[in-house]
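Use these hints to put chain B onto chain A, whose structure you have.
The chain contents come next:
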Amino acid sequence: MKNTLYNAPYFMKEAGRVLWQNRLSSVFSFLSTGLILFILAVIVACWSVGNLLIKTMQDEAEISAYLDRDIGTEQVLELIETIKGMEGVRDVQLVDREAAYGRMKEILGDEAGVLELFEENPFEAFIEVRISLGELEKITERLESLKGINHVRNNREVLERVQSITIGLKRLGYLIVTAVSISTLVIVSHMIRQGIYNNRVQVGALRLLGAPESFIGFPFVLAGLLLTLAGGLLASFVIVFLVNRTYSAMAGSLPFIPLPARNQLVSGLLLFVSSVSILLGVLGSMFGLRSTK
Amino acid sequence: MIKAKGVSLRYPDGTLALKGIDLEIDTGELVYITGPSGSGKTSLLKLLMGIEYPTSGSLKVMGQSIAKGQEGNIRRLRKRIGPVFQEFRLIQGRTALENVMMGMRFLGIPCRQAKENAKSALTRLGLEHKALSMVENLSWGEAQRVAIARAVARKPRLIMADEPTGNLDHDNALIILDLLTSFRDTNTTVIITTHATHLIERQENATFIRMNGGNISVERRGKAYEEYLV
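One line per chain: the protein sequences are A and B, in this order.
With the numbering used here applied, the first sequence corresponds to residues 3 to 295, in that order.
With the numbering used here applied, the second sequence corresponds to residues -15 to 214, in that order.
If we strip away everything but chain A, and leave its shape as in the complex, we get (with noise of 0.2 Å):
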């Protein structure tokens, strides 16, 4: 320790001669390394706003009943009251066509002008039920027993889908942590073999004189550390670019799609990256000097 302390700077020195030594290498070391905890990043994202998906969506689950055409404004109030008694109905809500209307204009935005084609208002009334996700199939299937009731829709089918999109996510991004992590590792402690290939007279002149291993090995672990936390640098500006950009498009044109705060999106994206980065570039760093013992 205190001859780490003593012989800092020179450490320091060391691994940047190591990584100048072999600049070129250097270099596409380090954008293969920042290309590849960018990819990595990227599917960090996406679980991380798939994951707020299907949380939004099971905190929101509803059940939409249509209504007969010929029902009336008394027995549609008495259905409201009767649903409102049944077990997990958290809130019912009568939408009428101009509400109907009005929701999908909303949700078209620019787009709105679709609906003019229409002579008539084409949306019916439904009664909006929301509900604990558990209770889902209960309740639809006595709501498509109420009279009045013309059918039931829910978004069970969406939900399962967007699950299912995330699971296939989860295990793509599984493969590709795997992939990059074996990617970096080789990389890097290629790198560090070329480093003590080219350093092999200093490397024998200072066993010779007695250095211990961890001395020697020590400014070669520190190249391939600088390595990866140059490439991660590189990966957050990239991920922090493009996060700030996709919020920014995304406010504008999908505003219904959930999004985590950015803030902290962007705050665990850093720490994941600098963390990923640190702990390939000592592992890469250790493999490369044990494979040239």
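Among the hints, erroneous ones may be present.
Claimed, not checked - Straight-line Cα separation of at most 30 Å, DSSO-like style, residue types lysine-lysine; simulated pairs:
no.: 1; chain 1: A; residue 1: 149; chain 2: A; residue 2: 172
no.: 2; chain 1: B; residue 1: -11; chain 2: B; residue 2: 103
no.: 3; chain 1: B; residue 1: 103; chain 2: A; residue 2: 15
no.: 4; chain 1: B; residue 1: -13; chain 2: A; residue 2: 15
no.: 5; chain 1: B; residue 1: 30; chain 2: B; residue 2: 139
no.: 6; chain 1: A; residue 1: 15; chain 2: B; residue 2: 3
no.: 7; chain 1: B; residue 1: 30; chain 2: B; residue 2: -13
no.: 8; chain 1: B; residue 1: 103; chain 2: B; residue 2: -13
no.: 9; chain 1: B; residue 1: 139; chain 2: A; residue 2: 15
no.: 10; chain 1: B; residue 1: 139; chain 2: B; residue 2: 63
no.: 11; chain 1: B; residue 1: 44; chain 2: B; residue 2: 63
no.: 12; chain 1: B; residue 1: -11; chain 2: B; residue 2: 44
For the record, the hints were derived by calculation from the structure and aren't laboratory data.
Okay, now just chain B, sitting in the frame of chain A:
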């Protein structure tokens, strides 16, 4: 300081470099290992530095056993000796000062102290003006002196120099030998291998180990002989 009993060294290709040698060297001795090329001088020095291991017999240097499986002991020993290699083993792309400091960085010496030691060693060897020169820009003789400075800056109790006069003209060879032998004054044991016997034949107060076909004969002269008898 050094005790060898029945030490043999056989290389993997079957060459028998040393044949059951017995040897004792005390603290503060000046030892010349001489003999023609291929007589086993460098092999003996490699054994003493722990670069090779005896294939039979026992060898102890500064209390550390030199044998296979004793790598920890050998590394500790190497920290305490000052080796000067035949091919110098200086590190290119570094200054003379950095090369000398390199030998001390892992000894727990504070950086400032190591720098002082390195500067003072270079000064003693007449190289203070070359301290910041890259070693690849130094002459053969200067590079040799940097290698010696690296060995002595560690203030070792045992200096071992392999053919330090090789490739040097008569005058420079004498200067190098004088420099190396001067460290004996600090009660440091100095072992030098050389085939240039004409440079050392008049040397008094020294021990001569003559190598021939893997066998040795030891001659102690002057004070070395008297001390050996005691």
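Hints and how they fare:
1. A:149 <-> A:172: violated (44 Å)
2. B:-11 <-> B:103: violated (40 Å)
3. B:103 <-> A:15: Answer holds: residue 103 of chain B to residue 15 of chain A is near 20 Å, not above 30 Å.
4. B:-13 <-> A:15: Cα-Cα ~41 Å, so violated.
5. B:30 <-> B:139: holds (21 Å)
6. A:15 <-> B:3: violated (47 Å)
7. B:30 <-> B:-13: holds (15 Å)
8. B:103 <-> B:-13: Between residue 103 of chain B and residue -13 of chain B the Cα gap is close to 34 Å, so the pair fails against 30 Å, i.e. violated.
9. B:139 <-> A:15: holds (26 Å)
10. B:139 <-> B:63: holds (10 Å)
11. B:44 <-> B:63: holds (15 Å)
12. B:-11 <-> B:44: Within the cut-off at roughly 9 Å; holds.
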